[in-house]
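Trainee: One line per chain: the protein sequences are A and B, in this order. With this note's numbering, letter number 74 in the first sequence gets 74, and the count goes up by one each step, no holes. With this note's numbering, letter number 291 in the second sequence gets 1291, and the count goes up by one each step, no holes.
Bear in mind the hints are in silico, worked out from the structure with no lab data behind them. Fair warning: there could be bad hints in the mix.
Distance condition first, Cα-Cα at most 20 Å in a straight line; then the derived DMTMM-like pairs of lysine to aspartate or glutamate [said to hold, decoys possible]:
no. : chain 1 : residue 1 : chain 2 : residue 2
1   : A       : Lys339    : B       : Asp1242
2   : B       : Lys1295   : B       : Glu1152
3   : B       : Lys1173   : A       : Asp331
4   : A       : Lys188    : B       : Asp1045
5   : B       : Lys1173   : B       : Glu1301
6   : A       : Lys70     : B       : Glu1214
7   : B       : Lys1235   : A       : Glu197
8   : B       : Lys1150   : B       : Asp1242
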Amino acid sequence: MADAIMGIGGLKYDHKKRHRPPELNVFLALILIIGVFEILGQTLPYMNGQSFLFDTQGRFDSIFNEARLKIVILQVAIIGIIALGVTQVILTGGIDLSSGSIVGATAMIAMSFAQVGEVNGSPNTRAVFFEQGWVDLPVMIPVMVGLACGLFAGLINGLLVAYTRIPPFIATLGMMVTARGVAKWWTKGQPVSFPTESFATIGAGMTPVYIFVALAVLFYLIMRHTVYGKHTYAIGSNMDAARMSGINVQRHLTMVYTIAGGLAAIAAIVLSSKNLTAQAGMGVMYELDAIAMAVIGGISLQGGRGSIIGTALGALIFGVIISGFTYLRLDAYYQEMAKGAIIVGAVVLDQWRQRRAAHRL
Amino acid sequence: MKKTLLAATAATAMMASMANAQNIGVSMALFDDNFLTVLRNGMIDLAAEMDGVSLQVEDAQNDVARQLDQINNFVASGVEAIIVNPVDTSATEAMSNAAASAGVPLVYVNRQPVNVDTLPDNQAFVGSNEIESGTLAAFEACMLLRAAGKTESANIYIMMGELSNQAAVQRTKDFDDILGIDMCNFMNVIDRQTANWSRDQAQDLMTNWLSSGEPFDALLSNNDEMAIGAIQAMKAAGISMDDVIVTGVDATQDALASMQAGDLDVTVFQNAAGQGSGALQAALDLAAGESVATKVYIPFELVTPENLDDYLSAN
Chain A
1 MADAIMGIGG
11 LKYDHKKRHR
21 PPELNVFLAL
31 ILIIGVFEIL
41 GQTLPYMNGQ
51 SFLFDTQGRF
61 DSIFNEARLK
71 IVILQVAIIG
81 IIALGVTQVI
91 LTGGIDLSSG
101 SIVGATAMIA
111 MSFAQVGEVN
121 GSPNTRAVFF
131 EQGWVDLPVM
141 IPVMVGLACG
151 LFAGLINGLL
161 VAYTRIPPFI
171 ATLGMMVTAR
181 GVAKWWTKGQ
191 PVSFPTESFA
201 TIGAGMTPVY
211 IFVALAVLFY
221 LIMRHTVYGK
231 HTYAIGSNMD
241 AARMSGINVQ
251 RHLTMVYTIA
261 GGLAAIAAIV
271 LSSKNLTAQA
281 GMGVMYELDA
291 IAMAVIGGIS
301 LQGGRGSIIG
311 TALGALIFGV
321 IISGFTYLRL
331 DAYYQEMAKG
341 AIIVGAVVLD
351 QWRQRRAAHR
361 L
Chain B
1001 MKKTLLAATA
1011 ATAMMASMAN
1021 AQNIGVSMAL
1031 FDDNFLTVLR
1041 NGMIDLAAEM
1051 DGVSLQVEDA
1061 QNDVARQLDQ
1071 INNFVASGVE
1081 AIIVNPVDTS
1091 ATEAMSNAAA
1101 SAGVPLVYVN
1111 RQPVNVDTLP
1121 DNQAFVGSNE
1131 IESGTLAAFE
1141 ACMLLRAAGK
1151 TESANIYIMM
1161 GELSNQAAVQ
1171 RTKDFDDILG
1181 IDMCNFMNVI
1191 DRQTANWSRD
1201 QAQDLMTNWL
1211 SSGEPFDALL
1221 SNNDEMAIGA
1231 IQAMKAAGIS
1241 MDDVIVTGVD
1251 ATQDALASMQ
1261 AGDLDVTVFQ
1271 NAAGQGSGAL
1281 QAALDLAAGE
1291 SVATKVYIPF
1301 ELVTPENLDD
1311 YLSAN
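Whole structure, please, built from the sequences with the hints as guidance.
Mentor: This is the structure:
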């Protein structure tokens, strides 16, 4: 056992033969994509030699274009938070299609407890709870209400998946439709705007990034060093084996989906604060972007393989692509086509690498 | 047996009451759109004021096929007239045919159907002429830049709505048309991108643009939500909103508040409630056998800080 451990299916391998971690490949892909943008930017005549990553105009104190670095992360931080939860669900071998709709419903409900009583000097009579006088409430109330909404939706997802044994795809598809219905019903489609200053600080400036990074570190540690993390991987690798080795699979699955719902709620709170508004259509398709981030980051849809670092890198790749296209002033039509191709390409490459690695064993 | 009898009586009673009321079926493209919600409420409010008019409002959830099903269901249940807010303006031919073959009057609202010039006698379109909105906003931006003495050259960004959407395409074209006239051709476009009508995407897009460090004088946005998102991004980057002209379209509550705060310079008011009530009126007239103009246009109105107060309680 010293230098040889049993791998999946009883294949023998030792550490000397172990290849670089999959996250390294994702990281290299990230560098590669940045390089492509940088070279294209230098070559295309209309770009006037402007750099993607570096400060060529002397606008910042460092050699980097800090504004670009910031937006690259900022624009994926909120969906990144969702992706942290989605990653855990996928690691158990499940899928969560409901996160985008949970974002919509949570944003609407939370924001209606965060509204001010006065806008530009006149009473904000359009506030949802204006008549009840629930305006200018302390920031903890909308945050707590929002979290409760997300956790509750996640709990229902979890109970459905764990105890009724319906496929996660169906259970969370149901929640996706239902939660979107809640988002529309809450104010009959009207937007909920004008939050208190304290609520507005949650998503202001770079705060979404700090929240995302803090949560990513937290869940990286949890997934790597706690029983919760180990059980999640165990269930994803082989659910029957996990059950037979004494893991309470049903309780654990419920917990994973509940946590994913909670993370979607955090994303909703940050998102509505960043935009100073909540709208019923918020978060549409976010679940797919979150899943794509995880998949680009090397999380296997079969479950059991991948890590939070991979997802964080996947999110960064997303951010680099969005910023890179805008930097190159590429037409919006081509952006979508290219984005889809990159998602599929990343997974194809990863699969190919996996197979090659398996052959070498 | 008793139960069946009861059910039958109930059904007859229901049908009787339905025959007395004017039943109007309404199929909205989607419910979770701020503007369309105001429009929908404009219809509902007018119906509530009237005696014996009952509306059945359905949500097509942005699905063309679902909308056609809803119209066929309305026809099957024998409504007096149908109001459609089309999901896709190029998919209206089938809807017109479905209603026409059953002889049910049909009114399109807000989005101009592709077959507007060949509509049967008992069909009509109520909405605003989309050409006006982008033109009004871009021309006002041009005038403001001229007033600021930037007639040598002015750099602008254009933010577009969803590229598959007729209004986005039309408004962007209107912007371009204004930029092409002699009076305004000093405005050159640095870049144009879509932010899909969304405030969040607009914030990110603007921040991306700002990261290139290119100086600019104005932003023309296809709608208010994106204009507000861009304003939030510019303010976060420390840009004074006195130095940049920002225009939107829609005159939403959030936009008017932003204008009150001195951030948004121009928006265009589209009378949503007026379109809603206008559509219902047209539908009732058609159902009563009266003739209605094929195109009923509710004009767009330019909103600037000067006349802002007139619109604060409008939409």
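Trainee: Starting from A/Lys188, check that the Cα of B/Asp1045 is at most 20 Å away, please.
Mentor: holds (14 Å)
Trainee: Hint check: B/Lys1295 vs B/Glu1152, CA-CA at most 20 Å. Holds or violated?
Mentor: Given pair B/Lys1295, B/Glu1152 is violated - Cα atoms ~41 Å apart, limit 20 Å.
Trainee: Holds or violated: A/Lys339 and B/Asp1242, Cα atoms, limit 20 Å.
Mentor: Distance ~36 Å between A/Lys339 and B/Asp1242 Cα, so the pair is violated.
Trainee: Straight-line Cα separation of B/Lys1150 and B/Asp1242 no greater than 20 Å?
Mentor: holds (14 Å)
Trainee: Against the 20 Å threshold, does the CA-CA distance of B/Lys1235 and A/Glu197 hold or violate the hint?
Mentor: holds (15 Å)
Trainee: Taking 20 Å as the top limit, are the C-alpha atoms of B/Lys1173 and A/Asp331 close enough?
Mentor: holds (16 Å)
Trainee: Does B/Glu1301 sit within 20 Å of B/Lys1173, going by the straight-line distance between their CA atoms?
Mentor: With Cα atoms ~19 Å apart, B/Lys1173 and B/Glu1301 stay inside 20 Å; holds.
Trainee: Checking one constraint from the list: CA of A/Lys70 to CA of B/Glu1214, max 20 Å. Satisfied?
Mentor: holds (17 Å)
Comparing the model with each numbered hint stated earlier shows that hints 1, 2 do not hold.
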